[in-house]
Structure formats: structure tokens, C-alpha cells
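Number of protein chains: 2
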Amino acid sequence: MVDAALKDGTADRRCVFEVFARRLPDGRRYGVAAGLGRFLTALTEFRFGDEEIGFLRDRDVIDEGTARWLADYRFTGDVRAYREGEVFFPESPVLQVEGTFAESVVLETLALSTFNADSAIAGAAARMVSAADGRPLAEMGSRRTGEWNAVAAARAAYIAGFGATSNLEAGRTWGIPTMGTAAHAFTLLHDSEEAAFRSQLDALGDGTTLLVDTYDIEAAVETAVRLTNGRLGAVRIDSGDLPSVVAAVRAQLDRLGAPATKITVTNDLDEYTIAALRAAPVDSYGVGTSVVSGSGHPAAGMVFKLVAHQTPAGDEWVPVAKKSADKVSTGGRKEAGRRLRNGIATAEVVLTSGRVGPDERPLLVPVVEHGEVDPAFLGVAGVEAARAHHKRAKAELPVDASRIGRGDPAIPTLVI
Amino acid sequence: MVDAALKDGTADRRCVFEVFARRLPDGRRYGVAAGLGRFLTALTEFRFGDEEIGFLRDRDVIDEGTARWLADYRFTGDVRAYREGEVFFPESPVLQVEGTFAESVVLETLALSTFNADSAIAGAAARMVSAADGRPLAEMGSRRTGEWNAVAAARAAYIAGFGATSNLEAGRTWGIPTMGTAAHAFTLLHDSEEAAFRSQLDALGDGTTLLVDTYDIEAAVETAVRLTNGRLGAVRIDSGDLPSVVAAVRAQLDRLGAPATKITVTNDLDEYTIAALRAAPVDSYGVGTSVVSGSGHPAAGMVFKLVAHQTPAGDEWVPVAKKSADKVSTGGRKEAGRRLRNGIATAEVVLTSGRVGPDERPLLVPVVEHGEVDPAFLGVAGVEAARAHHKRAKAELPVDASRIGRGDPAIPTLVI
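Chains A and B, in that order, are what the protein sequence lines are. Everything in the first sequence is counted per the numbering used here, starting at 1 for the first residue and increasing by one. Everything in the second sequence is counted per the numbering used here, starting at 1 for the first residue and increasing by one.
Hints were generated in silico from the structure; no laboratory data involved. A couple of the hints might just be wrong.
No copy is singled out in the list; a pair is fine if it fits within one copy or between any two copies.
What the hints assert, rightly or not - Okay, derived cross-link-like pairs now, DSS-like style, lysine-lysine, Cα gap no bigger than 25 angstroms in a straight line: (1) LYS323 / LYS262; (2) LYS262 / LYS322; (3) LYS391 / LYS7; (4) LYS394 / LYS322; (5) LYS7 / LYS322; (6) LYS394 / LYS7; (7) LYS394 / LYS323; (8) LYS391 / LYS323; (9) LYS394 / LYS262; (10) LYS322 / LYS391.
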């Protein structure tokens, strides 16, 4: 596309592209926009090196003119976006890129990869946070997704309200609190469960969490309490029918004089099994596969669409939209606001003309101006701001939005 | 775990860890092992740098002794594995790592991330290849998964029989054939569909593929044929009820004198919709979301388990296994063979002692010896070998294994 557009002169037409989802995953009541900080970080480094350009030339994907254009590539346009952590609905323009056709269109894959992957995880994580009803959640799914996705997943889950991750690289890169656990392998390695527990307590102190389900849970809990004189930090349970097992372990801990010892559970949890444990004396949850894979919806369904371009003379915007059978879009650059009544959201307002009204919280904020990324959205500070913003945005939703069962979007989208 | 094991002296116990799936995704008849080449590539570079170690020390995750151990880390053990592209079944030991406890246990996340992600994609892709019944498939899902997963996804799909990818980085890194398409944005950018088509034909020649569903498909096909005097390479359709639309477009192309112009379709395809197009005159498929997300099963469910360790004296192997309620494993180092009758697989044989029999194809091959990775499994050559091996292994399965409907594993696993 860039090759042809450079040749025919349309490459420099100023364009607006928008990222949005036509619908939410089946039954979900809201989405959570995540990935912005990663997209912007990547944008600051988005260049084409000699090796990449050489490959494209060797394969005859591009001609010499396009090769020169790529070598000089640097995004010079403007980007507005929903704040990271913001909730979104069908048609919400979560990202809006304005620049020349060529400089903007090459960002499609980067924008959608980061937004689709991270928003899928954040959307699932937010539901788990609701289901956990105030109890802390740790993201432990690195082994269930690609090795780099794992780092992004920890970040997205944290933005949506998880308290920690087992992914140490996410701690190093994004400042996310980290935690660790012992695996069954550690117990199996030792000549007895007691030897394994002693070793872990010697290394990490009585405040550690001991994994008690390698052999017999009741015997393991007895050993764990005895070795710590009841001062053990926590036990972890990773198998069995959790509601009944957790109740039995709690009773045993209390009986043995360890009422302060906490119980953490980690057995293939998702928002439904977390909710089913509300009445159980669980103190915290570790969640793996379901959160890193978006709990059944591993991509957020966002698309990157041209919505307007300037006339050849550059004096007017032309709204454009595909007109095919099953994928109708709305042309033109959007404004977006969340309509609130007494602080509670009543509608997502997407405007094709005019401005956001006085009862509507504006949703699009500038994040890149003339190619310069606003550093407030990057790094550790960006993650913390996103997490705080998510909490505020979620609090504005009608209370029913947090129910775990399937439903329609919590508020309607009004495209005006 | 490493910290505690270094302190208590068990870190140097020689161990065997195995990667396997307890079950296949619901209804799947076989799995496809992928990720080995990426795992081995990462293993050759698996080191802990000053920044990483500094972070772990600052956060008090490890002590000074463990920091020194990590700084010197280099895997010195042995690895055997199912060849990349091999099919697998429940309990198949697809990866077997032998080394000290500490040097092996730190590989868990790397091994599982690569194997779970890549095998999920390869398993889904293999079903789509069967459904396409000889017609070529292109992987086009980069925008529906994390930006680095996208490269791995293209690789895994190619190993399972896809013919090409739209991910250029996968072409550059792994030698996978690449292809591209024009987006609706390219047509919308131009002042008319005809202008967009002319531009693309000028840049890429009549052999290109024109996207014909931005406005009215019939009008677009007429324009496309007229501009190329019937010599157009192909048209792409990305919306609508594909069986009927494809039939109409084929009839129109033939009527307009373009019988050699091919039809490629790309509208949210998965193995079921591909199979539903068997009777339609489709020439090739482009598949996105469903292949990169494992078509409903984004992680292959593999685990990394300690199955044996040496006695403290180092003179004997002790088989070990967790004994908890719902996650039973089999201890001891495994051998594995595929039992064949007249060239067709009849059972997956997993042995806890003894050797693979004469009617069984041995499945575990050495890939790392004393820390040295066999280069045959790396890079472009490794990918091509994996693709070729997959084709052979799939051809051994009973013919019924390729049916798209749900079923049990195509052959039983005999753990002996």
C-alpha cells in the first residue's frame, strides 16, 4: 500500500484512522482499553533498520523509493486516545491517529497488536477483580502465553486491578509488585515434605507461603504449623474441590493455633470459580491461564480504520467508510464523551460532529503531538496512572455492570 | 526455589523434568508440538544480566549467593524432545530436561511459554489445513495477538502447513513465505475505487490481488476485470455470506472473460467456516484471529513437572510424582514411541521403564547434549524440517483424525 501510494501521490494525504471494536465479546458488559503505554513506547522506537529494509528489497516487496522513505521513517502526526485503563463500549474510538496516509497506515499492526492483546487481558482481569470482591489477585499466567506476551499480560492485569504478578520481568520493566511461589517440584525434590518446608522457611522466613497439596493436605498443614509454631504466613492450595478443601484447611489452621495464617488458592481459576469462592475463607487468588488468555476472548476485536482524509488540495476533510454487507462503519473523525448522571454513566456518546456536552466526560486526550509522545503515558508512571484511572472509570459504571453473568453492554453507545 | 535449594544443598541434585499435556483441548483429536526451535534459540541466549540481577537483589528476591549463581548461569544439561511438528497426545513427554535442579527449574517458564503458545497455534492450524483440503492458507492474524506472539504464530502456522504469512518479520527471521494485501483504507483513500485499483495495478502489476468489497462487489469486479483486460491475478472478499458471494463472483469473473482470476477469502475464518466453503470455488484462504488464538484454545495446557531426581549420593534415580486429588502424574523418566500398523498409528506408548519396541517409531530425540544445542533444530532449516516432519507425522494418523467435529484423541495413550 505504501509503495503504491508513494507512486500515485496519495501517500501524503492527511488522514485520520481510528481504532474501535464493533462489539464487545459475547456477553461482556464493558471493555477495558489497555496497551496505550506499550504502543507509545514502541512508537518512539518505530524505525526501519538496514536489515529490515534489505529484506524487503531482496524479496521485492518494495522499490527503491519506498526503501528510502522507510529509512527516514519517523511518525510526525498526532494521536489522541482513551486514557489507558478507561472502559470502552462498541464503537468507542479508543485510539485516533492523524497523519499522512503512509506514516499512519504502517502503524496498523503495531496499534492493533498492542491494543487487542492487552485489552483482552484487562477486560478479563477487571471481571475477576469484581468477582474477588476486594480480596487480592495475583497474575501467574506467564507459562500459558508467549514469553513476551507474558510481560504485557502482567502489566494489563495490574492496570485492571490485580495486585501482583509472578513475572519478574514485568516487575523490572513496569514496576509491578512481584510475588513468587514454590512449585510441587520443590517438595518432590526433597527427601520429605518436611525437609522441603524447612528449607523454604530457612531461606524465606515464617512469613512465606507453603504449598500444601503435593501429598496429603491435612498432614502438610499439620507439618507447616508445627515447623512455624503457628506463625506461618500462608498456605497455597492448587488442587481439589476448592470450596470444601479451603473450609477444611481454615478449620484445621484455626484448631492448630494458626488463625493468622492465610490461604491462597490457584487451581485454574477464572471469574466464575473466583465468584464461587466468595463464601469460602480464601484470602487471595493466583490466576493463570484464564487471565492471560482473556478468559475465552483472547483478542479484543479492535480494528484500525480510515475514517477521513483530506482532499487533494488539503483544504477539506472527506469522511469515508466501508459500505459492505456485514461490517458497517461510521465515517468521519469522532469525539467521544461518557454521559453521566449523578456520577453514574448512562451512555457512551460518539459524535461525528460537534463537541462533547457539559454532562459528558471527554474521553479522548492528546497523547502524541507532532510526533512527540507525552511521557506521562510511558513507563512506570504511565502504568500507575492507568491503574488509578481504571478504578475511577469502573466506579462510574452502573452497579449491574460488574455482574459476572452474560449481558448487554452496560450502557448504550449513541453514535450521533 | 533456587535460593532455598542453593542453601540446603539440593540445587545440585540431578533431575529430570518433563513437559506434557494431561489432556487435549476439548474435542481435539491430536495436538501438534511446536515451539522447540524457539525454545532452543532462547536457551542458547539464556543468561542473567547485571540489570536483571540488580533488580532481584534490590527487591530482596535473592541473596548474594544466588546472584553469583545467576551471573554464571549457563545450562549444561541434556534435553530430548519430540521433533518440532510432531503430533502428540495426552501424557506425551514432548520435552525432557535433565540437569541439576537449579539449572533446570529456571527454564520452566521459558519452556512452557514457547511450547504452550506455539503448540496451541499449530494444533489449530493443522485442523484448518485439513479443512482446506489442499487449497492454500495464509496466516494473517498479526493484529489479533501480541506483537511478538505474532511472529511466533506465523512460524507455528507454517510448520502446521499454512503456505504463507502477512508477517514480514516472520519472513525475515524464519524464512517463511510472505504475502500482503491491500486494506479497505487504500480504496477509501482514493477519490474512486477505480483510482485505487489503477494505483495498485501500476505498482504491483496485473498479477496482484484486488480487494473488491469496499463498496459494491459486482461493480468492483467489473472494474477490476476491465482495467486488466481479464488478466487480474485475484480478487479478495472480506465480508458477506461467503458461499453465495464467492459463487456469484466466480460466475461473474467467468462471464467477463477472467476465468484464470482467482478468489481469496478472509472473513473471520476458522476450521469450521473453511470446511463449509469446500463446495465453493474458493482458491485460497486468509486466516487471522482464529489461528493465532488457537481457535478457542489459546494455550496447549502443557505443564513442566519434576519426574525423577537422583539420590543425595547420586547413585540412583528416584521417580517422583504429585499425589493430589485431581492432577495425577506418572513419575520416572519416560521413553515414548508411536505404535504403527501398516504405517498407521494405533497407539501412543509412554514407557516408564524399558525401551521403545520394534513396531514403534521412537519419538524422543536428543536436541541438547551437555548444554550444546544441536543446530539442526534452529533457524530457517529447523522450521523447514519441522514442517516436513509434521506432514509425515500427520500422514500416519488414522484418516478419521482429521475430521473437524469433536472427538476423543485419535489414538489411545498407553502409559506402561
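Are the CA atoms of LYS394 and LYS262 at most 25 angstroms apart within a copy, between copies, both, or neither?
Close neither inside one copy (29 angstroms) nor across copies (49 angstroms); limit 25 angstroms.
First find the shortest C-alpha distance between LYS322 and LYS391 inside one copy, then the shortest across copies, and answer within, between, both or neither for a cut-off of 25 angstroms.
neither (36 angstroms within a copy, 40 angstroms between copies)
Homo-oligomer pair classification [LYS262, LYS323; C-alpha up to 25 angstroms]:
between (58 angstroms within a copy, 23 angstroms between copies)
Checking an output row: LYS394 and LYS323, CA cutoff 25 angstroms. Within, between, both or neither?
neither (34 angstroms within a copy, 42 angstroms between copies)
Please sort LYS7 with LYS322 into within, between, both or neither, judging by C-alpha distance up to 25 angstroms.
within (24 angstroms within a copy, 65 angstroms between copies)
For LYS394 vs LYS7, is the C-alpha pair at or below 25 angstroms within one copy, between two copies, both, or neither?
Cα proximity of LYS394 and LYS7: none, with 47 angstroms in one copy and 46 angstroms across.
Could you figure out if LYS391 and LYS323 sit no more than 25 angstroms apart (CA to CA) within one copy, between two copies, both or neither?
So LYS391 and LYS323 fail the 25 angstroms test inside a copy (38 angstroms) and across (41 angstroms) alike.
Within a copy, between copies, both or neither: where do LYS391 and LYS7 come within 25 angstroms Cα-Cα?
neither (48 angstroms within a copy, 42 angstroms between copies)
State whether the alpha carbon distance between LYS262 and LYS322 is at most 25 angstroms within one copy, between copies, both, or neither.
between (56 angstroms within a copy, 23 angstroms between copies)
At most 25 angstroms between CA atoms: does that hold for LYS394 and LYS322 within a copy, between copies, both, or neither?
Answer is neither; intra-copy 33 angstroms and inter-copy 41 angstroms both fail.
In summary, the numbered hints that this structure violates are 3, 4, 6, 7, 8, 9, 10.
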